[in-house]
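Given the sequences, and given the hints that come with them, work out the whole structure.
There are 2 protein chains.
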Amino acid sequence: MSEESAPEAGEAAAVSDRAARERLLYLRSSIDNLDAALVHLLAERFKCTQQVGELKARHSLPPADPAREAAQIERLRTLAADARLDPAFAEKFLNFIISEVVRHHRAIAEGTHEAPGTPTDG
Amino acid sequence: MSEESAPEAGEAAAVSDRAARERLLYLRSSIDNLDAALVHLLAERFKCTQQVGELKARHSLPPADPAREAAQIERLRTLAADARLDPAFAEKFLNFIISEVVRHHRAIAEGTHEAPGTPTDG
Chain A
260 MSEESAPEAG EAAAVSDRAA RERLLYLRSS IDNLDAALVH LLAERFKCTQ
310 QVGELKARHS LPPADPAREA AQIERLRTLA ADARLDPAFA EKFLNFIISE
360 VVRHHRAIAE GTHEAPGTPT DG
Chain B
260 MSEESAPEAG EAAAVSDRAA RERLLYLRSS IDNLDAALVH LLAERFKCTQ
310 QVGELKARHS LPPADPAREA AQIERLRTLA ADARLDPAFA EKFLNFIISE
360 VVRHHRAIAE GTHEAPGTPT DG
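Quick note, the sequences are listed as chains A and B, same order.
Those letters in the first sequence? Residues 260 to 381, by my numbering.
Those letters in the second sequence? Residues 260 to 381, by my numbering.
One or more hints might be untrue.
Treat identical chains as interchangeable: a pair holds within one or across any two.
The calculated lysine to aspartate or glutamate pairs, modelled on DMTMM-like cross-linking and capped at a C-alpha distance of 20 Å, are [claimed, not checked]:
#, residue 1, residue 2
1, K306, E369
2, K351, D341
3, K306, E359
4, K306, E281
5, K306, D294
6, K306, D341
By construction, these hints were calculated from the structure, which means they are not laboratory data.
Structure (structure tokens):
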């Protein structure tokens with residue numbers, strides 16, 4: 260194995276053209292930076308929704324809120340289109356996050372919540 | 260309908276306690292800000308992976324790269340734990356994004372890709 264076949268490089272090591280290999284590693288380092296930013300923003304978002312969940316539990320509000328979710332989806336679709344991101348993907352992404360949040364809210368309401376960001380089923 | 264029952268407010272309008280209602284709206288405005296940031300980072304991430312896809316297609320590399328993906332998952336789990344985000348959720352999130360990216364890469368390799376961020380099947 261060459262020094263370039265570390266797991267981080269993945270198949271970049273298999274690109275025979277040096278310029279292309281360097282370009283691939285360059286792009287992947289940007290992707291890694293963006294992923295770190297995404298994870299930290301998600302952590303912050305769950306801190307907010309954790310507080311919303313506790314507030315909802317205290318005021319006996321249901322974990323899901325269809326009117327709010329519809330407004331969020333519409334807004335994110337518009338933002339996505341402006342950013343040249345597929346609006347359908349933005350909607351799928353928000354639904355993915357919301358389903359996790361609703362699961363957290365249910366756990367809080369049922370008093371089974373362990374810690375912020377720790378879903379009960381894994 | 261009161262002026263506070265706009266769709267954006269969702270069930271916030273149903274919270275009878277004024278302080279709690281204001282707190283809920285405050286938290287939701289933070290969530291909306293974070294979502295806008297997330298969408299823009301995702302748009303930037305897909306710009307990078309679009310270029311990776313084109314590079315892979317030119318060099319006949321497969322759309323998926325298991326070694327790279329395993330390294331990314333391990334790294335994100337560690338970052339998530341540091342940020343107090345459930346590592347299992349971070350992994351699910353990355354898999355969600357990667358499956359979209361691989362779909363884009365397949366479309367590029369097959370020459371059916373329409374535009375950055377526009378998956379072929381919606």
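Which of the listed hints are broken here?
none
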